[in-house]
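Trainee: One-letter residues, chain by chain:
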Amino acid sequence: MNAQTVRKLGRAALLPLLSIFTALLVGGVIIWLSGPKFNGDWFGIKFVLDGYGGLFLGAFGTQKAIIGTLVRATPYIFAGLAVALAFRCGLFNIGAEGQLTMGALLAAGVGFGVKGMPLIIHLPLTLLAGMLGGFVWGMIPGFLKARTGAHEVITTIMLNYIAAQISGYLLNGPWKDPTNVTAQTPKIAESARLPALLPGLHWGVVLAFLAAIAVWYFLWKTTWGFEIRTVGANSSAAKYAGINVSRNIVLAMGLSGLLAGLAGAVQVAGVNYRSTLGFNVGYGFDSIAIALLGRNTALGVVLSSLLFGGLRNGATIMQFRTQISSDIISVIQALILIFVAAEQIIRWIYRVPATPDDAGQATLSKGWGKS
Amino acid sequence: MSRNRFLFIMGTVIALILLTVVLGRNSDSPQIVAASMLATTLRFATPITLGALAGLFCERSGVVNIAIEGMMLAAAMGAFVGAAVTQSLGVGILAGILTGMIMGLLHAWLSITFKVDQIVSGTVINILAAGLTGFIDTQVLSKAGLRSAGLLPQIPIPILSDLPVVGPIFRQQPIAWTAIILVVVVHYVMFHTRWGLRTRAVGENPRAADTVGIRVKYMRYMNVLIGAGIAGLGGAYFTLEGVPSFETQITNGRGFIALAALIFGGWTSFGSWAAALLFGAANALQINAQQFGIPIPSQFVGMFPYLLTIVVLAGVIGRAYPPAAVGTPYETE
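If you're matching them up, the sequences are chains B and S in order. Residue 29 in this note's numbering sits at position 29 of the first sequence, with consecutive numbering throughout. Counting the second sequence from 1 gives a position; this note's numbering is that position plus 371.
It is possible that part of the hints are untrue.
[As the list claims (entries may be wrong)] Just the calculated beta-carbon pair ranges, DEER-fashion:
1) S:Glu702 with B:Lys8: 25 to 31 Å
2) S:Ala515 with B:Gly113: 47 to 53 Å
3) B:Trp224 with S:Val583: 45 to 51 Å
4) S:Arg578 with B:Thr148: 33 to 39 Å
5) S:Ala515 with B:Lys46: 19 to 25 Å
6) S:Val511 with B:Thr5: 43 to 49 Å
7) S:Val556 with B:Phe60: 20 to 26 Å
8) S:Asn576 with B:Leu49: 40 to 46 Å
[As the list claims (entries may be wrong)] Computed list of lysine to aspartate or glutamate pairs in DMTMM-like fashion (alpha-carbon distance at most 20 Å, straight line):
9) B:Lys37 with S:Asp508
10) B:Lys187 with B:Asp177
11) S:Lys514 with S:Glu618
12) S:Lys588 with S:Glu702
13) S:Lys486 with B:Glu343
14) S:Lys588 with S:Glu575
[As the list claims (entries may be wrong)] Computed footprint of chain S on chain B, listed as stretches where at least three residues anywhere in the stretch have a Cβ under 8 Å from a Cβ of chain S:
15) 173–187
16) 197–208
17) 341–353
For the record, the hints were derived by calculation from the structure and aren't laboratory data. Built from N, CA and C at the ideal position, the CB exists for glycine as well.
Based on the provided sequences and hints, a complete structural model is requested.
Mentor: So, in structure tokens, the structure goes:
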């Protein structure tokens with residue numbers, strides 16, 4: 001890595017880092033407002049520092065904390081990559097949650113339904129089922145967009161709810177664990193579970209890193225990836241260059257769904273060992289924040305996921321130590337997203353001048369009806 | 372939205388209610404089932420109608436609003452706190468509207484002033500509202516021990532409200548009545564006043580609107596704020612007319628159904644209302660299916676509004692056309 005690359009990476013990371021810092025600062029003010037204020041130690045500032053101390057300790061402070069953070073970051077990496085890949089094609093996949101649900105359902109179905117197979121066959125089959133579920137659930141909005149122009153934001157939101165209903169039906173009905181009152185599937189077979197890499201850490205995290213490398217390679221080193229990026233940068237130019245825009249939209253949405261489905265499958269095979277009702281809630285919006293914070297790059301998504309995973313994991317310790325509600329994490333995430341999206345605010349606060357290579361961001365959605 | 376389509380949707384609503392009566396005839400008398408269906412339909416339709424009207428103002432002026440959910444959620448809490456602190460339901464309504472408008476101001480500020488992608492801005496508001504309300508609920512409200520100010524009373528129309536079966540239609544709470552009045556008012560404002568014409572001009576062709584002297588950004592700001600205020604009223608419904616308390620995620624996706632109703636209704640006032648009633652009826656069927664022992668898995672009925680929206684959006688039954696400039700920030704030259 002030469003000096004120029006380092007400088008470029010530094011510049012790319014500057015605004016996101018300042019955004020995170022500012023969000024934590026504003027989050028601190030909110031915690032302070034909810035705390036003991038003027039009758040606490042140091043006018044209540046100690047309360048905030050204790051909270052953030054617990055947050056950091058719980059996220060990265062001990063080996064156990066780091067393992068927990070990695071486990072939490074794993075589905076974020078997959079889902080964040082999913083959203084980022086769609087963004088690269090100019091598509092706003094707000095349906096990662098639904099695709100994740102379908103992936104988790106199918107993976108759990110294969111996981112508990114198929115019995116007596118060796119791990120070497122059963123586990124890949126389980127993960128493949130998850131990928132298939134996500135792929136199909138992502139391809140539907142891609143297909144609808146390519147064929148009819150129906151906007152993917154709306155169709156994916158609707159498909160999220162349809163997936164939730166399907167999940168509700170299966171987990172309360174045919175696929176319900178008969179031994180338990182909760183709406184969940186039976187536990188998947190031992191042979192469908194991701195083995196442990198370290199105590200408490202499953203192999204899914206390695207798969208997530210591999211997925212990040214694969215997405216990077218696909219987008220930047222293959223013809224298919226090039227076509228997808230061209231469609232995302234300028235779909236009419238892509239069309240004149242002879243690229244089949246419809247095919248690329250379907251492909252990008254399908255692959256995006258596949259990654260999100262894998263997020264669900266890995267969560268089933270590595271952590272929960274079953275599909276439960278509602279475990280998926282929140283991943284959809286979180287993954288959008290992760291993709292945007294990571295500037296739709298594979299490396300950025302991995303780093304953002306580690307941050308978000310760390311925040312989620314550390315929040316438990318923070319809540320335990322200081323009784324600060326872990327919901328503050330969502331507030332901080334939203335603030336990060338505000339500052340990343342409206343980077344003029346950050347530029348203005350810290351007097352950062354605009355640089356020409358900031359213009360290379362992927363184009364986002366362009367309204368409801370048009371394709 | 373064409374008259375035929377409106378009548379078709381209304382017919383479907385009535386058909387759904389009749390279907391429930393037929394399916395539920397073994398467990399209860401038709402009067403009871405029909406009255407229950409009507410009451411539940413209207414109860415569900417109110418926040419969806421208000422949410423859809425909120426989206427109508429935003430989107431007709433060219434600003435995509437996927438943040439109806441977040442605005443309503445924040446407003447539900449604002450209304451509850453406002454009412455509980457002052458022990459006045461009127462203040463609660465105002466607090467709800469105000470909270471909605473604050474979220475709307477954030478949406479407008481991000482998407483109009485900073486030209487942030489409008490869907491990203493909406494995502495921000497949804498995450499922020501979920502996080503903030505959850506945080507305030509567990510961190511502040513549960514410790515403060517606020518006492519609820521109760522629920523808004525029903526306002527019955529004399530004589531009509533005593534009719535059998537259809538009686539519940541004429542026995543509604545104030546926000547529900549306001550929603551119905553607003554449907555008419557919004558239709559008039561949007562399609563028969565100068566304000567509405569300008570709003571639509573800004574949403575269809577902002578460049579042309581700008582050249583004839585309409586202030587594009589001002590119009591968009593105002594419409595987003597008006598819409599957000601209506602969403603705020605819709606949020607107030609949950610804690611002032613629904614249940615007398617605030618619960619985490621109390622809106623439970625109703626904001627997204629409202630968005631679906633807006634699209635389903637072709638970005639018109641009456642269309643959105645019809646769609647809201649249809650979704651309300653589907654929801655009522657889902658609830659009553661269990662109660663009256665109807666042999667359809669409730670989840671399949673629950674899917675119905677979302678499937679229908681996809682079908683409409685894909686142009687299978689009557690294409691829906693959004694305002695042409697929706698989603699694009701306006702750049703002055």
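Trainee: Quick check: which numbered hints come out false for this structure?
Mentor: 4, 7, 8, 15, 16
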